[in-house]
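Trainee: Given the sequences, and given the hints that come with them, work out the whole structure.
The chain contents come next:
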Amino acid sequence: MQLIVNIVVLASIYALIACGYVLIYRVSRVLNLAHGELMMLGGYLLVMTASMFSGNPLAAIAAAVVLSLVVGVLVYVLLMRKMAGEMVLAAVLTTVALGVLLRGLMLLIWSAQQQYPAEALALSNPALILPGGGRISTFAAAIVFANAFAYGALFLFLQFGRWGVRMRAAGQNPLFAAQRGINLHAVYALAWGLSTLTGSIAGMLIALDSGLTSSMSVIGLKAFPVALVGGLDSLLGALLGAGIVAAAEILSIQYIDPLLSDVVPFLVLIVALVVRPWGLFGTREELDRV
Amino acid sequence: MSETALLQVEKLEVVYHRNITAVQGISLSVHAGQIVAILGSNGAGKSTTLRAISGFLGVDDARVTDGSVTFNGRRIENRPPNEITRLGIVLVPERDKVFPNLTVAENLAAPFAPWARKRGASEEFVYHSFPKLADLRNRAAGLLSGGERQMLAIASALVCRPQLLLVDELSLGLAPAIVADLTARLVQIRNELGLTIVIVEQNAAVALGVADYGYVLENGRCVLDGDSARLRAHGDIQEFYLGQSAGSERRSYRAVKQYRRSRRWYG
Amino acid sequence: MSRNTPRASGYFRTSYAQDFALIQTRFERTALAVFVIALAVFPFLATVFYLDLACQVFLAAVGALSLMLLTGYAGQISLGHAGLIAAGAFTVGILFREFAAPFWLTLPVAAAVGAILGLIFGLPSLRLRGLYLAISTLALYFIVVYVGGEYESTRGFSTGIMVDPPKIGAFALKNARAWYFVLLAAAAATLLICANLLRSRTGRAWRAIRAHEIVAEALGIGVAGYKLSAFVISSAMASVAGALFAYYRGFVSVEAFSLFLSIQYIAMIIIGGMGSLLGALLGALFVTLFPYLIEAVLMKLPNAQSYAGALFAVDYASFGLVMILFLVLEPLGLVGIWRRLQNYFVLWPFKYRPVAGGRK
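Chains as they are written, first to last, in this note's numbering: chain L, 1 to 290; chain P, 1 to 267; chain H, 1 to 360.
These are calculated hints, taken from the structure and not from any lab test.
Treat the hints with care, since some could be wrong.
[As the list claims (entries may be wrong)] Covered stretches of chain L, going by a simulated chain H footprint (3 or more residues, C-beta under 8 Å):
1. 74-85
2. 91-99
3. 265-275
No residue lacks a Cβ here, since even glycine has one placed at the ideal position from N, Cα and C.
Mentor: In structure tokens:
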């Protein structure tokens with residue numbers, strides 16, 4: 001039973017991070033390899049707001065959430081907008097460089113020390129006992145619910161919201177979308193904002209659950225195969241991919257070798273690239289785009 | 001018509017990849033409420049002119065290097081497409097004219113409509129003008145037939161409430177009956193809305209059947225223009241574009257070259 | 001064979017051999033001679049610190065040249081280059097520790113290991129292109145690093161493998177000056193191999209594949225074979241670079257081959273300028289010297305001591321910033337800047353090069 005709980009928690013973490021990759025890729029065909037660092041930034045923003053609103057955890061969390069949305073939009077407006085017409089590879093390398101820059105800045109501002117925002121906010125993280133005998137910490141449960149909520153909200157928004165339809169339209173045919181009066185920069189900025197928002201929420205919850213170290217961005221990188229296995233432009237695929245990768249990882253830790261945890265997602269990635277490169281639900285034409 | 005033109009193109013020059021001049025000094029003017037046709041064979045520069053007007057040029061690494069495009073008194077060459085759409089010029093492109101993975105209803109909801117309150121009225125009008133689309137509201141646009149897709153393309157352009165509608169190669173790949181139906185609806189829409197339309201066509205018969213005025217392009221230059229009745233009666237148009245030979249003799253290639261040269265110099 | 005350097009008029013070639021030659025004008029010959037003399041004299045004038053810098057630049061140059069062949073010329077994007085370098089280093093480490101193998105055995109074996117690994121890294125390229133290929137190389141990098149880490153921990157070398165310097169008889173290669181010449185020779189040899197490969201049929205095939213793969217296939221170029229050959233050759237070279245690195249440092253550890261190293265190699269070819277061997281060299285020079293530059297600047301500021309702890313972070317952040325600046329503002333890299341300068345002086349008073357036959 002505990003195994004299942006662990007898989008669900010890990011899958012929720014991966015899914016929440018992966019939807020950030022999917023959002024940006026679907027809308028602008030850019031792979032945001034700085035997502036791990038942006039996720040970590042969310043955790044550090046919470047540390048910052050925790051010291052600003054030290055008595056009021058709700059205000060601190062709300063402020064951090066709003067800040068992360070702003071950061072995502074700013075990243076697009078100040079940097080990625082300039083790469084908007086260029087080759088996709090150049091844009092991807094720009095995100096790699098951005099990740100390096102962010103990492104350096106975070107190290108500079110907050111040092112490599114481990115941070116505990118839960119303590120700073122005087123929040124406790126008791127373990128809950130589930131029916132069936134499994135245990136789950138409060139914040140891990142929060143991650144599961146946050147993930148479900150985020151996916152539900154995103155599905156509804158993309159399907160029925162006017163800007164959601166515009167985002168899907170821009171993803172399919174950017175030039176035609178521009179011709180129909182859709183402001184592409186606004187759509188892309190929105191995608192980056194939402195992506196950073198969901199990633200930051202994941203980062204914050206992980207930080208609240210188990211502390212914030214300077215190597216948290218590795219989790220972001222491990223979540224990337226999840227997005228690919230599901231199909232880089234499919235949210236549903238990301239959800240399923242998260243389940244598959246999380247299950248593979250937890251089971252191999254349990255039954256094969258605990259040290260495999262960092263490499264299992266990439267093994268799954270290789271298998272996926274060999275068997276079905278466009279992922280479970282991705283659009284097949286993605287394969288040839290350079 | 002003595003009032004100033006809605007759209008005025010002056011000596012337009014468009015260059016691809018910095019060394020191929022596709023359009024060399026074209027001038028045309030379109031007045032409000034007119035349907036203007038631009039005719040010519042392949043490579044004459046018709047689509048390029050349309051793209052220059054609608055801002056679609058950047059895709060093919062092309063630029064307007066000389067001349068001007070003026071709409072409602074405002075210079076619009078080299079502006080991005082979504083700005084031009086918001087000014088009131090909307091293009092129905094030749095390919096890639098719908099969002100294939102969105103439904104018909106979503107295709108009509110996505111475009112930008114200048115007055116949000118009147119969006120509902122626009123959509124009602126569109127469903128009224130193209131009743132078939134109302135039946136296909138929830139079908140994915142990629143699954144529509146050619147004629148239905150073209151209807152949807154025109155409909156999504158109309159949602160943007162254009163002052164000037166540019167239609168690129170309406171008849172491409174469509175059966176003649178459908179083309180006739182579409183052109184009839186276009187005229188009807190023009191009459192109801194007072195819309196101005198510019199159509200670019202290789203099929204001169206279709207174009208001259210629906211247009212008020214026409215320009216004939218060859219090799220990037222405008223060689224002939226006039227109202228459609230005059231063009232239809234013009235011997236050269238009949239011979240080269242409508243496929244009706246004037247006399248019984250076939251003209252030799254040399255004679256054709258002579259004709260083209262004389263047209264260019266003495267036109 | 002198209003050379004991009006603009007020349008003053010009156011330069012004619014009358015045979016194929018002349019057209020193909022690497023050094024073509026008298027100016028180039030003299031410039032090369034001066035450069036060679038400078039390189040030869042340098043170690044006798046420089047301190048050990050600068051000798052070490054130069055050696056690092058040479059090692060980086062070998063890696064950058066190999067990546068430039070693969071990504072800049074053949075167009076196969078590889079984000080896992082550090083994995084190949086690690087493979088070469090670990091081969092040396094493992095052979096030395098387990099079998100006490102001498103260097104004239106380990107180097108060829110490292111090259112062979114690199115070639116085989118290159119074949120594996122290259123197999124996805126037959127099916128995938130662009131971004132997906134880059135992702136597959138990234139995944140393979142993680143697997144290589146994992147294997148290396150596993151070896152370290154299972155064999156008890158958790159802090160790394162120590163490697164003795166290469167020996168011929170009684171003479172061990174420890175002197176900094178000696179290493180300078182050895183690595184200079186290695187870099188020069190790599191440069192020559194790359195230049196000759198690019199002049200040959202293989203090089204032309206690679207350029208065709210990069211430009212337009214489907215057209216290349218239609219023209220009868222065996223695309224699959226040439227793609228794999230690009231991976232194999234590039235990986236063998238990178239492995240040798242890794243092996244040399246292991247001997248030079250005397251120490252092999254998986255932490256030295258982080259993802260950041262891969263990013264640094266990509267940065268070398270981008271900052272240097274894609275599609276140009278000179279770019280690889282310039283990029284290697286720039287990226288290797290960059291941290292030292294930052295440190296020097298930081299130490300000049302008042303209150304220098306308090307910044308010492310933050311040096312790594314400043315390094316990291318400014319590296320990212322410089323990479324972004326080059327990607328956004330100067331996509332042609334240092335070579336682009338160099339060519340613009342050349343153009344300005346050679347073409348003056350004209351401003352633009354003729355379009356026909358010129359690459360950007």
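Trainee: All hints are to be evaluated individually against the structure, with a verdict given for each.
Mentor: Consistency of the hints with the structure:
no. : hint    : result
1   : 74-85   : holds (count 3)
2   : 91-99   : holds (count 7)
3   : 265-275 : holds (count 6)
Of the hints listed earlier, there is not a single one the structure fails to meet.
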